[in-house]
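Asker: Letter by letter, the chains look like this.
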Amino acid sequence: MGEEKKGARFSRRSFLKSIGGGALGTAVVSTGLIKTDDAAAYVSETVGVGRGKTAVALKVNGKTYRVQVEHRQTLAEVLRDELGLTGTKIGCDRGECGACTVIIDGRNMYSCSQLAVWMQGKDILTIEGLAKGDKLDPLQEAFIEHDGPQCGFCTSGQIMSGKAVLMKNPKPTEAQVRRGLSGNLCRCGNYNREVAAVLAAASKTS
Amino acid sequence: MAESSKEFSIVGKKTPRIDAYERVTGQAQYTGDLQLPGMLYARVLRSSVPHAKIASIDTSKAEKLPGVKAIIHHGNAQVPWSSGGLTHRRYIFNNPVRYVGDPVAAVAATDRHIAEDALKLIEINYEKIPHVLDANEALKPDAPKITPNGNLSVGKGPFSAPIEESWGDVEQGFKEADKIFEDTFITKHVNNAQMERRVSIARWDAGKLTVYASTQGVSNARTDIAKDFGLPLSKVRVICKYMGGGFGNKNQAQDYDYMAAMLAKAADQPVKLEFTREDDFIGMHGRWSSEQHYKVGVKNDGTITAVMLDAVTNMGAYRKQSGNLSGTDFYNIPNFKKVVKPVHTNTVVAANYRAPAYPQSVFGFASFLDQIAFELGLNPLDMFLRNRAQKSKGKLAYTSNYLEQCIVEGAKRIGWREKWHKPGATAGPKKHGIGMALGGYPFRPGLGAATIRINSDGTAHVLVGVTDIGTGAKSTMAIIASEALGIPLNQIQLTNGDTDVTPYSVGESGSRTTAFTGPAVVAAAEDVRKQIFNLAASQLKTKAEEIELRNGEVFVKNDPAQKRALSQVVAQAGELIGRATTNPNFPKEMDGKCFSAHFAEVEVDTWTGHVQITRYVAAHDSGTILNRLTAESQIKGGVVQGIGMAFSEELIIDKVTATPINPNYRDAKVPTHLEAPEVEVIFIENYDPYGVFGGKVVGEPPITAAVATIANAIFNATGKRFKELPMTPDKIVRAVQV
Chain A
0 MGEEKKGARF
10 SRRSFLKSIG
20 GGALGTAVVS
30 TGLIKTDDAA
40 AYVSETVGVG
50 RGKTAVALKV
60 NGKTYRVQVE
70 HRQTLAEVLR
80 DELGLTGTKI
90 GCDRGECGAC
100 TVIIDGRNMY
110 SCSQLAVWMQ
120 GKDILTIEGL
130 AKGDKLDPLQ
140 EAFIEHDGPQ
150 CGFCTSGQIM
160 SGKAVLMKNP
170 KPTEAQVRRG
180 LSGNLCRCGN
190 YNREVAAVLA
200 AASKTS
Chain B
0 MAESSKEFSI
10 VGKKTPRIDA
20 YERVTGQAQY
30 TGDLQLPGML
40 YARVLRSSVP
50 HAKIASIDTS
60 KAEKLPGVKA
70 IIHHGNAQVP
80 WSSGGLTHRR
90 YIFNNPVRYV
100 GDPVAAVAAT
110 DRHIAEDALK
120 LIEINYEKIP
130 HVLDANEALK
140 PDAPKITPNG
150 NLSVGKGPFS
160 APIEESWGDV
170 EQGFKEADKI
180 FEDTFITKHV
190 NNAQMERRVS
200 IARWDAGKLT
210 VYASTQGVSN
220 ARTDIAKDFG
230 LPLSKVRVIC
240 KYMGGGFGNK
250 NQAQDYDYMA
260 AMLAKAADQP
270 VKLEFTREDD
280 FIGMHGRWSS
290 EQHYKVGVKN
300 DGTITAVMLD
310 AVTNMGAYRK
320 QSGNLSGTDF
330 YNIPNFKKVV
340 KPVHTNTVVA
350 ANYRAPAYPQ
360 SVFGFASFLD
370 QIAFELGLNP
380 LDMFLRNRAQ
390 KSKGKLAYTS
400 NYLEQCIVEG
410 AKRIGWREKW
420 HKPGATAGPK
430 KHGIGMALGG
440 YPFRPGLGAA
450 TIRINSDGTA
460 HVLVGVTDIG
470 TGAKSTMAII
480 ASEALGIPLN
490 QIQLTNGDTD
500 VTPYSVGESG
510 SRTTAFTGPA
520 VVAAAEDVRK
530 QIFNLAASQL
540 KTKAEEIELR
550 NGEVFVKNDP
560 AQKRALSQVV
570 AQAGELIGRA
580 TTNPNFPKEM
590 DGKCFSAHFA
600 EVEVDTWTGH
610 VQITRYVAAH
620 DSGTILNRLT
630 AESQIKGGVV
640 QGIGMAFSEE
650 LIIDKVTATP
660 INPNYRDAKV
670 PTHLEAPEVE
680 VIFIENYDPY
690 GVFGGKVVGE
700 PPITAAVATI
710 ANAIFNATGK
720 RFKELPMTPD
730 KIVRAVQV
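Just so you know, the sequences run in chain order A and B. If you read the first sequence in numbering that gives the first Met the number 0, its first letter stands for residue 0, the second for the next number, and so on. If you read the second sequence in numbering that gives the first Met the number 0, its first letter stands for residue 0, the second for the next number, and so on.
Do not take every clue at face value.
If you want the footprint, here are the derived chain A segments under chain B, 3+ residues with CB under 8 Å [what the hints assert, rightly or not]:
hint: 1; segment: 115–127
hint: 2; segment: 184–198
Going by beta-carbon spacing under 7 Å, a handful of chain B positions derived as facing chain A [to be verified]:
hint: 3; residue: ARG22
hint: 4; residue: LEU35
hint: 5; residue: GLY376
hint: 6; residue: TYR664
hint: 7; residue: LEU673
Here are a few chain B residues that face chain A, going by a calculated C-beta distance under 10 Å [claimed, not checked]:
hint: 8; residue: TYR20
hint: 9; residue: LEU132
hint: 10; residue: ASN135
hint: 11; residue: GLU136
hint: 12; residue: LYS139
hint: 13; residue: GLU631
hint: 14; residue: SER632
hint: 15; residue: PRO676
hint: 16; residue: ALA734
hint: 17; residue: GLN736
Quick caveat, the hints were computed from the structure, so don't treat them as lab data. A quick note: this is a predicted structure, and the numbers were derived from the prediction, not measured. Ideal Cβ positions, reconstructed from N, Cα and C, are used throughout, including at glycine.
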């Protein structure tokens, strides 16, 4: 991990590396991140940091992909650009909005705030991996029925956080669902619908 | 055509989106999801100073960075951006730069990290010019001039300034008043902050430019690009299939579309240009801030006799839209005078955000009416009922107006008469409050076009130019087609958003899609039905007028046993094509409007300043509701956006550096799941004679009344009037703890 040159300016991605991987803690992680970014607004990242490539075996939706990734590439970028799994969206690329949420080892995480090189040996589930063949996950069905997507850009993330909530607790209360999805912004403001969809899926899968 | 909802087959039901499957499986391809062979990635460098002449720009170091393919700036890519500046010429790169965030250069490279690295190697020498950030300061004679004509933003036609409107005789109106009140209300710059960052992919093939845009309007984007690049329309193709929100700031073609095109030309490779989230907050635009001074004359019973509004709106460095304030629209005002001055400052540009001219001034005016009701000892419900709009601009009849029913039904649902109390009457630190306000949005028809193909197997293919920014426009068009054709929805395929394939559309902005393109879909359906009926008449040996098509079956009206499958009728012709371009209008003496009355109950914690919305009821008159499912989502979402504007959102510009200090989701504080109350939606359904199947519009109205509704509920809870947005906890604590 610690590959930054001594004295290199503190960039977003070097910061990411320095705090280590695996933490969901969107609150904790993003607080630090954002401070770093604000300080660095319009200030350059150190050119060349993280340019090396490493081979990583990524286990995504049950399949293993061997990819060469740059150290500074995030999981979100690799999923989208290298594996073509563009269902995972990038809304802010700074750990605030949740559009890039995927499930890593059973926990919902911002894939823009995880470096791909940290993902060796982890079990990653994306929106593309939810349906079993043609059979949609009950949560996806509920999102259709309850009009979960408006513009749809946050929808993958909402569904993945909803899925993570249901994996932990198949019978959540409304308050638990709201809290579980609270790291996923929806600027269309479709929060009523998204919560209703998760609750409906919970009652269906009883 | 059916004139009551009971006769519709699909209109008015709760219909899931036709593309919902794609949206919940990750298969929906948004612009940023596309990858073209050999595509480069681009990033934009922005000005770090608010007002300066660029003395020199040195890109030599950046050019040497391996992977960098093209760099453009004002010196080598001076393309005008017509829709970006309506009062003075704006280019994609401007010299001088006029705000912190004005684009200075763009780089295309083999990956986005290299493009980002290259930005840091570009050296710019700025010669600073004095700047001004405050709109009132900018109007002073000695203020630094941002445009050659000064800082009052004077343009042509609808962009003339100041914006003036009047009717009746305000002086006479004030003479007739028992009491006259004056006050000032202030709103701040709020970002649209849609989830999809701006992105554009441009590709040149033998002189033809294809832009995969993230736009609310492919047709006007194409027109803009053709005009500014000097290309014939036939050489420009704009495609947008899925779109991750915009709320007004992705109308038309934008500078990033042009930059992508110029970089693609320079590099001779396709280019994807993405904004970062910060770029998106400062590089495009948000809602114009305002300072509104009202003078209102009333009778002792609350009847308004005259209203004067003097206002200043801050449009930032360039004028992209009107800067108007229209929150008085929902009231009966016999004598009215408005003067709004849109002003240039060296700040981020302000333009359209959902119902552009409304939430600011609905906040101002409905707050003020609520205050006047208090001063007169009236229940606000009676004040709003008494002064509700009955005629447009003091004289024109509305095509339909169910505002009274919105007020009455909404008040009943929330239990207004039982729950309303004197302001600040609750004992203890947590105060209950209830508030209301009126809102809505203009409904007007206009130019639309549609094509419908009936295939030989009886399925239909609808082609419309609309994009779907999240409103469900694609689904609405398919529902209209299904209803008008008499063909089930699941037999209808819809292609949208591709200027080489789909006909003209006005663009999905200003709540115009249903009202403009909807009638064209109906007319195209009628066109092709005529062809079907003519074919069927000869097959069934009767007259075309005797034939009906319903549920995919063609039959003789007064002998339904005589029928044929649609496929049998069409097979003989191969396929049938119905087309229409429509441009309906209202009669001269009429005007159209959607109306709403919103109601909220809040609990204000006077120790922390936290406000909990415990109940929210939104009653809307949008005529017939074409799809109850997506329409309700629109209402709920608009209210949530209003909640953000009411409590937390504001783009803050640092007074010393002129730099926006919170251009991101976390610090601009958009509402999350935790702030969103359950929004109860009431539709006062009715049939507007000028709407498609009686429908008016839905998209913009829901945000208009939300801010004022909450402000008035906080007043009822605390007895304190908040005249400046956002109503943050610190302001609330300071007000209630004096």
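Asker: Each hint should be assessed against the structure and marked as holding or not.
Answerer: Here is how each hint holds up against the structure:
Remark: the segment 115–127 of chain A is confirmed as covered by chain B, as 3 of its residues place a Cβ nearer than 8 Å to a Cβ of that chain, reaching the required three. Counting residues of the segment 184–198 of chain A whose beta carbon lies closer than 8 Å to any beta carbon of chain B gives 11, which reaches the threshold of three, so the coverage claim holds. Residue-level restraint check for B:ARG22 holds (minimum Cβ-Cβ distance to chain A is 4 Å; threshold 7 Å). Checking B:LEU35 against chain A: minimum C-beta separation of about 13 Å lies over 7 Å; hint violated.
A cut of 7 Å between beta carbons decides the hint on B:GLY376: the least distance to chain A is about 36 Å, and the hint is violated. Of the supplied interface hints, the one on B:TYR664 holds, with its beta-carbon coming within about 4 Å of a beta-carbon of chain A, less than 7 Å. Evaluation of the B:LEU673 hint against chain A yields a held restraint, the C-beta minimum of about 5 Å falling below 7 Å. Annotation: B:TYR20 was flagged as interfacial toward chain A, and the flag holds, the nearest CB pair being 7 Å apart, inside 10 Å.
Taking 10 Å as the C-beta contact cut-off toward chain A, the hint placing B:LEU132 at the interface is violated, the least distance being around 18 Å. The closest approach between the C-beta of B:ASN135 and any C-beta of chain A is roughly 28 Å, which is over the 10 Å cut-off, so the hint fails. For B:GLU136, the interface hint is violated, the least distance from its beta-carbon to any beta-carbon of chain A being 25 Å, above 10 Å. Restraint check, B:LYS139 versus chain A: the minimum CB separation of about 30 Å is more than 10 Å; hint violated.
For B:GLU631, the interface hint holds, the least distance from its beta-carbon to any beta-carbon of chain A being 8 Å, beneath 10 Å. For the restraint placing B:SER632 at the interface with chain A, the shortest Cβ-Cβ distance is roughly 5 Å, inside the 10 Å limit, so the hint holds. The interface hint given for B:PRO676 holds, since its Cβ lies 8 Å from the closest Cβ of chain A, which is under the 10 Å cut-off. Restraint check, B:ALA734 versus chain A: the minimum CB separation of about 27 Å is more than 10 Å; hint violated.
Because the beta carbon of B:GLN736 sits about 29 Å from the nearest beta carbon in chain A, more than 10 Å, this interface hint is broken.
Comparing the model with each numbered hint stated earlier shows that hints 4, 5, 9, 10, 11, 12, 16 and 17 do not hold.
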